[in-house]
Amino acid sequence: MIQIYNVFKSYQKDSAALEGISVKIPKGDFVYITGPSGAGKSTLLKLLYGAEKPNRGQILVNGQNITRMRSARIPILRRCLGIVFQDFKLLTRRTVFENVSFPLEIQGRKRYEISKKVYQALKTVGLEHKLNRRPLELSGGEQQRVAIARALVVEPLVLIADEPTGNLDPQVTLEIMELFKGANARGSTVLIATHDREMIRRFPRRVISLDGGRLVGDRTPETFSVPRG
Amino acid sequence: MIQIYNVFKSYQKDSAALEGISVKIPKGDFVYITGPSGAGKSTLLKLLYGAEKPNRGQILVNGQNITRMRSARIPILRRCLGIVFQDFKLLTRRTVFENVSFPLEIQGRKRYEISKKVYQALKTVGLEHKLNRRPLELSGGEQQRVAIARALVVEPLVLIADEPTGNLDPQVTLEIMELFKGANARGSTVLIATHDREMIRRFPRRVISLDGGRLVGDRTPETFSVPRG
Amino acid sequence: MFGSLIYAARRSVRNMRQSPFLCGAAVGTVAVSLSILALFAILALNVQELTRHWSEEIQVTVYMDVPPQEEALGEWIEKIEGYPEVEKVSYVSRGEAFDRFRERLSEDADLLEGLEPDILPASLGIGLKENFRNRAGAETLIEKLRENPSFSDFRYGQEWLERFETFADMLQMIVTVLGGFLLFATLFIVSNTIKLTLYARREELEVMALVGGTPLFIKTPFLLEGALQGTLGGLMALAGAFVFFELFLLEGLAALPFFSGLYGIIFLPGSHQLLLVLSGTTLGLFGSFISLRKFVRI
Amino acid sequence: MFGSLIYAARRSVRNMRQSPFLCGAAVGTVAVSLSILALFAILALNVQELTRHWSEEIQVTVYMDVPPQEEALGEWIEKIEGYPEVEKVSYVSRGEAFDRFRERLSEDADLLEGLEPDILPASLGIGLKENFRNRAGAETLIEKLRENPSFSDFRYGQEWLERFETFADMLQMIVTVLGGFLLFATLFIVSNTIKLTLYARREELEVMALVGGTPLFIKTPFLLEGALQGTLGGLMALAGAFVFFELFLLEGLAALPFFSGLYGIIFLPGSHQLLLVLSGTTLGLFGSFISLRKFVRI
Ligand SMILES: Nc1ncnc2c1ncn2[C@@H]1O[C@H](COP(=O)(O)OP(=O)(O)OP(=O)(O)O)[C@@H](O)[C@H]1O
Ligand SMILES: Nc1ncnc2c1ncn2[C@@H]1O[C@H](COP(=O)(O)OP(=O)(O)OP(=O)(O)O)[C@@H](O)[C@H]1O
Ligand SMILES: [Mg+2]
Ligand SMILES: [Mg+2]
Chain A
1 MIQIYNVFKS YQKDSAALEG ISVKIPKGDF VYITGPSGAG KSTLLKLLYG AEKPNRGQIL
61 VNGQNITRMR SARIPILRRC LGIVFQDFKL LTRRTVFENV SFPLEIQGRK RYEISKKVYQ
121 ALKTVGLEHK LNRRPLELSG GEQQRVAIAR ALVVEPLVLI ADEPTGNLDP QVTLEIMELF
181 KGANARGSTV LIATHDREMI RRFPRRVISL DGGRLVGDRT PETFSVPRG
Chain B
1001 MIQIYNVFKS YQKDSAALEG ISVKIPKGDF VYITGPSGAG KSTLLKLLYG AEKPNRGQIL
1061 VNGQNITRMR SARIPILRRC LGIVFQDFKL LTRRTVFENV SFPLEIQGRK RYEISKKVYQ
1121 ALKTVGLEHK LNRRPLELSG GEQQRVAIAR ALVVEPLVLI ADEPTGNLDP QVTLEIMELF
1181 KGANARGSTV LIATHDREMI RRFPRRVISL DGGRLVGDRT PETFSVPRG
Chain C
2001 MFGSLIYAAR RSVRNMRQSP FLCGAAVGTV AVSLSILALF AILALNVQEL TRHWSEEIQV
2061 TVYMDVPPQE EALGEWIEKI EGYPEVEKVS YVSRGEAFDR FRERLSEDAD LLEGLEPDIL
2121 PASLGIGLKE NFRNRAGAET LIEKLRENPS FSDFRYGQEW LERFETFADM LQMIVTVLGG
2181 FLLFATLFIV SNTIKLTLYA RREELEVMAL VGGTPLFIKT PFLLEGALQG TLGGLMALAG
2241 AFVFFELFLL EGLAALPFFS GLYGIIFLPG SHQLLLVLSG TTLGLFGSFI SLRKFVRI
Chain D
3001 MFGSLIYAAR RSVRNMRQSP FLCGAAVGTV AVSLSILALF AILALNVQEL TRHWSEEIQV
3061 TVYMDVPPQE EALGEWIEKI EGYPEVEKVS YVSRGEAFDR FRERLSEDAD LLEGLEPDIL
3121 PASLGIGLKE NFRNRAGAET LIEKLRENPS FSDFRYGQEW LERFETFADM LQMIVTVLGG
3181 FLLFATLFIV SNTIKLTLYA RREELEVMAL VGGTPLFIKT PFLLEGALQG TLGGLMALAG
3241 AFVFFELFLL EGLAALPFFS GLYGIIFLPG SHQLLLVLSG TTLGLFGSFI SLRKFVRI
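Residue numbers (the working numbering), protein chains in the order written: chain A, 1 to 229; chain B, 1001 to 1229; chain C, 2001 to 2298; chain D, 3001 to 3298.
Be aware that one or more of the hints could be misleading.
[Said to hold, decoys possible] Cross-link-like lysine-lysine pairs, in silico, DSSO-like; alpha carbons within 30 angstroms at most:
1. A:Lys89 with B:Lys1013
2. A:Lys110 with A:Lys130
3. B:Lys1123 with A:Lys130
4. A:Lys13 with B:Lys1027
5. B:Lys1027 with B:Lys1117
6. A:Lys89 with D:Lys3294
7. A:Lys53 with C:Lys2294
8. A:Lys89 with B:Lys1027
9. A:Lys13 with B:Lys1123
10. C:Lys2294 with A:Lys13
11. B:Lys1013 with A:Lys13
12. A:Lys130 with B:Lys1053
13. B:Lys1089 with D:Lys3088
14. D:Lys3294 with B:Lys1013
15. D:Lys3195 with C:Lys2294
16. B:Lys1053 with D:Lys3195
17. A:Lys89 with D:Lys3088
18. D:Lys3129 with D:Lys3195
19. A:Lys89 with B:Lys1116
20. C:Lys2195 with C:Lys2294
21. D:Lys3079 with C:Lys2195
22. A:Lys130 with A:Lys27
23. B:Lys1013 with A:Lys117
24. B:Lys1116 with A:Lys13
25. B:Lys1013 with B:Lys1117
26. A:Lys89 with B:Lys1110
27. A:Lys13 with B:Lys1130
28. D:Lys3129 with C:Lys2195
29. B:Lys1110 with B:Lys1130
30. C:Lys2294 with D:Lys3294
31. A:Lys53 with B:Lys1024
32. A:Lys89 with C:Lys2195
33. C:Lys2294 with B:Lys1089
34. D:Lys3129 with B:Lys1053
35. B:Lys1116 with A:Lys53
36. A:Lys130 with B:Lys1117
37. A:Lys181 with A:Lys117
38. A:Lys123 with B:Lys1013
Derived by calculation from the structure, the hints in this document are not laboratory data.
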């Protein structure tokens, strides 16, 4: 599903955000990406959905080499991804409903289908009663849940979530993790960048660790040991 | 230092964000505010720094009744507060250095003093080498640390931090907590809204719990028990 | 395709409702800048009309030493009226010429007392068609008239014509140059404003792209919005110019005997009105198009 | 106070460098809209100059049945020149009058052959001061001149004067009404643009307030920025108008004998230039002021 070959990325001349990363993530996998702040987690994810281009190396998503892709094809690729951005990236002028329905509208779905799915998605994150609010009229955690609903509503091939529970309490985090597991069970490949060791402990899966832009660990649950923290 | 009397706040007619909250926080206290997503934590903090007005009730900060304060005096009050916003609220066009120096400039400090303090503050959050970046050129956790540096640099009377470690890894979280403890030791009253039970466990302090806008708990470390999660 | 256009239209209406300030700013700017253009056009048009009116005074006068026989005169007039340059021909007898001269002297007319009316020759006044009201036209005609030996002298108010041409040229130049500048100014101001309104929403555009919107999908509602705002602005400019015309220009100028005597001043004709509104549409559309190219880069 | 102003100035320069697009948009809009005003002012000024020039032709003519003695004439002229309405007096003898009349008839001058030069009376041509070049002025003067019994007849080109007044009134009206509209348009467009540039930065303004900035502290750099951008725009408008003037108006109009013969067309005088630049400053300052009041609410 996702293949990353020897990828380098530096935003500025002097410092590299990613240095020689190579990773294979098979279809249907569930992967955590961890690492200290500034390790390059978000950068790696940004490369996957084409928001940034690597300086070197190749990236294949769903069989397509996105480093060589014409920029006009990038949106087509993004349609089969569900992305939870670290800073949410909600449309502040649109209502919660409109935000979640947006990716479905892009896909050209029928209106009644959209309504049904959006309502369902908002219900699973516990916000079905706030669908006419604007994002800035929500609490931080509620905004994050809208972002999650937007990513899940398209039933994505790949679900990319960047720190999706940073603003959520443990209870809601559990519920969200169940949603991610459900999506994974229905066939989505799941990538979650997170700092939350508790989460990794409760739902042990493959963990890819970055530090200073380098791959420093890639452990599957079998070899998994309780972290020091 | 902070006294809250029977405060009600509702953003919209049908639902209340805070219902009848009364809390006293003495000078030099260190208080966590917890509660599930949407419980009203951020709202409570917003009332304290005057970003929202309560519908009913009185709030005294530093001896001043901010519910009756002329709006022109609010900035004066804010100058002795250090605030870490849940969504950071950095000036995206300014560099990291300029962002952190801004509250000092407002206070009319001398330039060399500002330079020294800002550098020091950035060093304590580990970003002294990124002071010429703009916020959007930083990782999520780095942005959060800039926001923390900005709040700490003024040596505030009251430090208000809304989910200050949501984007930080456990290691950095520890360091930040040490900073907060240090500020507390130097006399700042500290209020932290957080979901992070691990943090509360490691640094046990008074915990105020909200749920659905109501005060549901107020425990000091003596009566503290390990949470269920 | 049609369905998605309707869908885009719905989205653009929603957009506008969601940011009334930005929408108002765009519409207002289009309205105000097109109003300037419209008022300028009204002025230019009326000045043009005025010069056209004045140009009617241009005529070639043919003097005849011997007053013509009535029969021959009829023939001549018919022949001259056949020339392509000629609009109308009028005969001025000796007596009439004397009367006119007296009139022309006005206050000094008493000087002519005691003079015989036959001191002035009879003449033909030949009015020219609009396209030939210039020196070249007059001279071509005179060339043809020379064939008739009874016509002894030809005049076409050379001095007046020269002045008139100069004046018309000058007006033409001012209108062109100023109109050009105003057009450029409108273009600049409107596209600038639209760029600013889209700049204020560039995060929205960015997010749409990140969530998988193709450039076309993202842009279409904004283009429609631009076109709609432009059209609205154009209509408002038209209405504004009309009110302005009715309130100030018409009332004001009509009160002046100079104007009301000559001809009624006119508003923009239908075709210009349409043009004005369509320029609004075009400005809005292209302003959005150019700005969107800058802000929507996938 | 002074120190904090310098500090605010530094911040506003930094602001402008940090958002070159917004800054450029504001400066550009001020420049373009003030250019329109400047060009209009140039045009209005020159038309005014033209009418002033034309008004010099207005004079009162006094006819004397009997040609005056040289001595008496000198006395009369001296006395008339003493009147407050009078600019200059010139004597036209019978012979001169006849010559002028002949000139005036131009092509028809041969009609006067055989006539004695003494058919026309001697006269005094009295030029009026600028303020009195109207019917009221002429008639007041004539009232005074009537005291002298040797003056038999008075004329002041009533018809010409009427037309002239009408024309001048019309121009005045057009200039006022159009100028007023242009002023309003400039005001609207500039304040609108500035509002948009501040709207794009409203989050910045909000954050500054949340971190403890007083309204004054937050606003001062933006006000300075507005003033600076306005001034810059004003200077650019002035430069633009000057280039435009040199390239098109001066060259173009000077080529027309009509204009170059009468007088050189003029650019805005120094005071107007200053006014233009200062209006830029004021527009920028007040545009920012009004918008900031909307966006900076603590
Ligand atoms: N747009 C950018 N321009 C310049 N540098 C950038 C940019 N984005 C990220 N960086 C830098 O690249 C490095 C990796 O950033 P990245 O956002 O991938 O970190 P991260 O692992 O997601 O961290 P966090 O956990 O704090 O979100 C950091 O040092 C950051 O400063
Ligand atoms: N500006 C607003 N307009 C309308 N409703 C709001 C606004 N801000 C917050 N709310 C509502 O008020 C309630 C409390 O919000 P608040 O932000 O205080 O929650 P919180 O405890 O900070 O949650 P979180 O942990 O998710 O940040 C929520 O139900 C939220 O939807
Ligand atoms: Mg990140
Ligand atoms: Mg909150």
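Verification of the hints:
Proposed proximity of A:Lys89 and B:Lys1013 is supported: the alpha carbons are some 28 angstroms apart, at most 30 angstroms. For the given pair, A:Lys110 sits about 23 angstroms from A:Lys130 by alpha-carbon distance, which is consistent with the 30 angstroms threshold. With a C-alpha separation of about 42 angstroms, the suggested pairing of B:Lys1123 with A:Lys130 is violated against the 30 angstroms cut-off. For the suggested pair A:Lys13 and B:Lys1027, the alpha carbons sit about 48 angstroms apart, so the restraint of at most 30 angstroms is broken.
Proposed proximity of B:Lys1027 and B:Lys1117 is supported: the alpha carbons are some 24 angstroms apart, at most 30 angstroms. For the hint pairing A:Lys89 with D:Lys3294, the CA-to-CA distance comes to about 26 angstroms; that is within 30 angstroms, so the pair holds. The hinted pair formed by A:Lys53 and C:Lys2294 meets the criterion: a straight-line CA distance of about 19 angstroms does not exceed 30 angstroms. Taken as a hint, the A:Lys89 and B:Lys1027 pair is broken in the structure, with Cα atoms around 38 angstroms apart against an allowance of 30 angstroms.
Between A:Lys13 and B:Lys1123 the CA atoms are separated by roughly 22 angstroms; this keeps the pair inside 30 angstroms, and the hint holds. The straight-line distance between the Cα atoms of C:Lys2294 and A:Lys13 is roughly 26 angstroms, inside the 30 angstroms bound, and the hint therefore holds. With a C-alpha separation of about 53 angstroms, the suggested pairing of B:Lys1013 with A:Lys13 is violated against the 30 angstroms cut-off. The suggested pairing of A:Lys130 with B:Lys1053 holds, with an alpha-carbon distance near 22 angstroms, which does not exceed 30 angstroms.
Taken as a hint, the B:Lys1089 and D:Lys3088 pair is broken in the structure, with Cα atoms around 77 angstroms apart against an allowance of 30 angstroms. Distance restraint check for D:Lys3294 and B:Lys1013: the Cα-Cα separation of roughly 26 angstroms lies within the 30 angstroms cut-off, and the hinted pair is therefore satisfied. As the CA atoms of D:Lys3195 and C:Lys2294 are separated by approximately 21 angstroms, the hinted pair is consistent with the 30 angstroms bound. Of the pairs offered as hints, the one joining B:Lys1053 and D:Lys3195 holds, with about 27 angstroms between alpha carbons and a cut-off of 30 angstroms not exceeded.
Restraint check: the Cα-Cα separation between A:Lys89 and D:Lys3088 comes to about 81 angstroms, which exceeds 30 angstroms; the hinted pair is violated. Between the alpha carbons of D:Lys3129 and D:Lys3195 the distance comes to roughly 50 angstroms, so the proposed pair goes past 30 angstroms and is violated. Distance restraint check for A:Lys89 and B:Lys1116: the Cα-Cα separation of roughly 35 angstroms exceeds the 30 angstroms cut-off, and the hinted pair is therefore not satisfied. With a C-alpha separation of about 9 angstroms, the suggested pairing of C:Lys2195 with C:Lys2294 holds against the 30 angstroms cut-off.
Under the criterion of a C-alpha separation no larger than 30 angstroms, the hint pairing D:Lys3079 with C:Lys2195 is inconsistent with the structure, at around 70 angstroms. For the proposed pair A:Lys130 and A:Lys27, the alpha carbon gap of about 35 angstroms is over 30 angstroms, so the pair is violated. Restraint check: the Cα-Cα separation between B:Lys1013 and A:Lys117 comes to about 28 angstroms, which is no more than 30 angstroms; the hinted pair holds. For a cut-off of 30 angstroms, the pair hint linking B:Lys1116 to A:Lys13 stands: about 27 angstroms separates their Cα positions.
For a cut-off of 30 angstroms, the pair hint linking B:Lys1013 to B:Lys1117 is broken: about 45 angstroms separates their Cα positions. Our distance criterion of 30 angstroms between C-alpha atoms is broken by A:Lys89 and B:Lys1110, whose separation comes to about 38 angstroms. Distance hint between A:Lys13 and B:Lys1130 is fulfilled; the C-alpha atoms sit about 14 angstroms from each other, no more than 30 angstroms. With a C-alpha separation of about 55 angstroms, the suggested pairing of D:Lys3129 with C:Lys2195 is violated against the 30 angstroms cut-off.
A C-alpha spacing of about 23 angstroms is found between B:Lys1110 and B:Lys1130, which places the hinted pair at or below 30 angstroms, so the restraint holds. About 29 angstroms separates the Cα atoms of C:Lys2294 and D:Lys3294, which keeps this hinted pair within 30 angstroms; it holds. A C-alpha spacing of about 52 angstroms is found between A:Lys53 and B:Lys1024, which places the hinted pair above 30 angstroms, so the restraint is violated. With a C-alpha separation of about 22 angstroms, the suggested pairing of A:Lys89 with C:Lys2195 holds against the 30 angstroms cut-off.
For a cut-off of 30 angstroms, the pair hint linking C:Lys2294 to B:Lys1089 stands: about 26 angstroms separates their Cα positions. Distance restraint check for D:Lys3129 and B:Lys1053: the Cα-Cα separation of roughly 71 angstroms exceeds the 30 angstroms cut-off, and the hinted pair is therefore not satisfied. A hinted pair counts as satisfied when its Cα atoms are at most 30 angstroms apart, and B:Lys1116 with A:Lys53 does not qualify at roughly 37 angstroms. For the hint pairing A:Lys130 with B:Lys1117, the CA-to-CA distance comes to about 44 angstroms; that exceeds 30 angstroms, so the pair is violated.
Between A:Lys181 and A:Lys117 the alpha-carbon distance is near 19 angstroms, which keeps this suggested pair within the 30 angstroms criterion. With a CA separation close to 22 angstroms, the supplied pair A:Lys123 and B:Lys1013 stays within the 30 angstroms bound.
In summary, the numbered hints that this structure violates are 3, 4, 8, 11, 13, 17, 18, 19, 21, 22, 25, 26, 28, 31, 34, 35 and 36.
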